[in-house]
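Starting from the given sequences, assemble the full structure and let the hints guide the process.
2 protein chains.
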Amino acid sequence: MNISVLGGDGYCGWATALHLSARGHKVSIIDNFSRRLWDYQLGVQTLTPIRPLTERVKTWRDLTGKNIEVITGDITDYEFLASTLATLSPESIVHFAEQRSAPYSMIDRQHAVFTQVNNVVGTLNLLFAIRELCPDCHLVKLGTMGEYGTPNIDIEEGYITIEHNGRKDVLPYPKQPGSFYHLSKVHDSHNILFACRIWGLRATDLNQGVVYGTLTDEIELDETLINRFDYDEVFGTVLNRFCIQAAVGHPITVYGKGGQTRGYLDIRDTVRCIEIACLNPAARGECRVFNQFTESFSVLQIAEMVQTAAQKLGRKAEIQHLPPPRVELEEHYYNAKHSKLIDLGLKPHYLSESLLDSLMNIAIRYRDRVDTANFLPQVNWRNPRNERRRQESVPAASEPEMALAADGQGRR
Amino acid sequence: MNISVLGGDGYCGWATALHLSARGHKVSIIDNFSRRLWDYQLGVQTLTPIRPLTERVKTWRDLTGKNIEVITGDITDYEFLASTLATLSPESIVHFAEQRSAPYSMIDRQHAVFTQVNNVVGTLNLLFAIRELCPDCHLVKLGTMGEYGTPNIDIEEGYITIEHNGRKDVLPYPKQPGSFYHLSKVHDSHNILFACRIWGLRATDLNQGVVYGTLTDEIELDETLINRFDYDEVFGTVLNRFCIQAAVGHPITVYGKGGQTRGYLDIRDTVRCIEIACLNPAARGECRVFNQFTESFSVLQIAEMVQTAAQKLGRKAEIQHLPPPRVELEEHYYNAKHSKLIDLGLKPHYLSESLLDSLMNIAIRYRDRVDTANFLPQVNWRNPRNERRRQESVPAASEPEMALAADGQGRR
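Line by line, the protein sequences give chains W and G. Numbers in the working numbering are just positions in the first sequence, counted from 1, shifted up by 1472. Numbers in the working numbering are just positions in the second sequence, counted from 1, shifted up by 1472.
Simulated from the structure, these hints should not be mistaken for laboratory data. Only true hints are included.
Any copy, or any two copies together, can satisfy a pair, since identical chains are not distinguished.
DSBU-like, lysine-lysine: derived pairs with alpha carbons at most 30 Å apart:
| # | residue 1 | residue 2 |
| --- | --- | --- |
| 1 | 1729 | 1809 |
| 2 | 1812 | 1640 |
| 3 | 1729 | 1788 |
| 4 | 1640 | 1729 |
| 5 | 1809 | 1640 |
| 6 | 1812 | 1498 |
| 7 | 1498 | 1538 |
So this is what it looks like as structure tokens:
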């Protein structure tokens, strides 16, 4: 299948592009490298030393003989997007090309406006481009489980049957997103559903949970293919950050009580879910929604699992409760459905001790790149503007502890 | 009360500004005159010869001694908006300052993107400005009944209690908007609800129905105060257009079967609803939703009422069913609640023959300004780009008929 991956240089995008290429698909990547730019702007970097995309793609070709075409540009530029799609004629477009951090969107007004305009306009452009240039193409769009918020009823996959005053209808599931970023995804979802309805487009909106892990079968082939592994407060996701904190001897920082429960999945399942969606396209006019996660955990459960795994590696990992920087329920009901991808063949990689182990060992390997100042939240939802101050880095852990870890990858 | 009316030079905005001023409030208008610009761009004009805002405001002052301050600028420019609100310190902000036409948003990609960016960024700026500069200020935001679409269950006012799998919650009512414009209002609603939740702002989201009429008590005082009366396919609303069509002897153009049912209200009720919302502000942290309309009609019912009224004025008014330019259900269930404004004291002006009569006579009075080419829809929802071609105007009606109408205002 001819598949274009928008945002294919990012965390999920890169892993997906490689996986689809490995599975024999014709893959192209469209990216404007804004994710790398934001790292510079925020003064942070991924734990892992990621290589330029040209080098990544060349290594992949050298190793596998498979070519991934790279097109550089910004999908908010319609002329660029349209001419690119006209040339590529993809059968599926996987759309990761959005600003995807909640804290980033909450820094201040400019970041909120940028996030919503960037994401909404990119997706609108894509809908118009598909309508005009490749109306049969299947849009596989990354949404987020965060679109639903934490309602006191079960979360369904995109739509809910409502009985009300003796009548019944199937309606879009009500959305209660928790940041200007999550709101941008809700805006996208409404726009996509409408475009499918009026133009007969086909779309799958993947409401993805929190992704963890960095390795996939393809990425493990060579260090040049290494994927992002973000741990900073803005772009780091919670399980990844906890593993790195535990690995370097920093307290595991839980926001508030830690009862915040969310859906999670291994990045190896992300890439598989995307292929499943591509291979089973939505019908013309259909806007299908899959909840893309495999397990639910509270933040405190995640912290405790990481703590246990760390202790087995001989590392003391204290759990530290920080004043919650976000405005969210710290204890709530959470039961989100996620059977549609399983029905289509997903075999989940459930969170395991060996995975936590592997993540901590990656952290130990790249310990020199850890900047513990980036662990702590500086973006508070309650403030209309947050100034992220550059804090001096403090040593990550005592030297003997690190020496032990580096020797034999910290296993006992 | 100190009230700023954003978009106070527009159709509802101007009538509202005058009404609030007449009722003794301190009123300021913020407007960038984009509504007037769009008329030039589309090659259309309001039936009524509206005067420049400075002249309108001067006449109002001369007549009543009441001053309305005018500030010219664009609320998508945050520096302008923030400095203006810092100076005005309003207690209520009435926000009409959005692109409000569904067909305009459906012309092509650029108009869709413009509508969503303009509306979403303007409202985001306003939320940040209120948070930073006047956090106690009450935002009275114009939404639309079109946010809900036409679900097969009763439409509630903003929120719905859902019982699902043995549990219950009150959630935002699911939205199924029918154009990129209506989608922009849904995006706004989600953004406003979130801002109220995290920042404790107070907001009233008024989901307004289709407004008809042009006169209010204040506007009737002097012709210089005359309000817009749009009949073109892009900015004209259905009842107003039908009255003008009937008045000039043009067939009443119903899109499709005409079973499309919507909520309607008289502009005299619009202005009253706004004052009621201002005088009864939402609590801190509350995002309250009122459905602002007084009666529901199908398009065909409206057409038939206008036809009957026209016949009483001696005018033949044929009903013509056009191929539907929009993608919408032509027959559907529709039962939308609208009791909250009534509970707060709204006394509706129900649609009457005398109102239809008055509208047709205004049309007859300004018959020389009617361009019948602007009646017909040129924007089709199914097309990703619509070229609005300038059509030659055809004479509106036969001369004898018009002479009759002009004489004695067409009454018999």
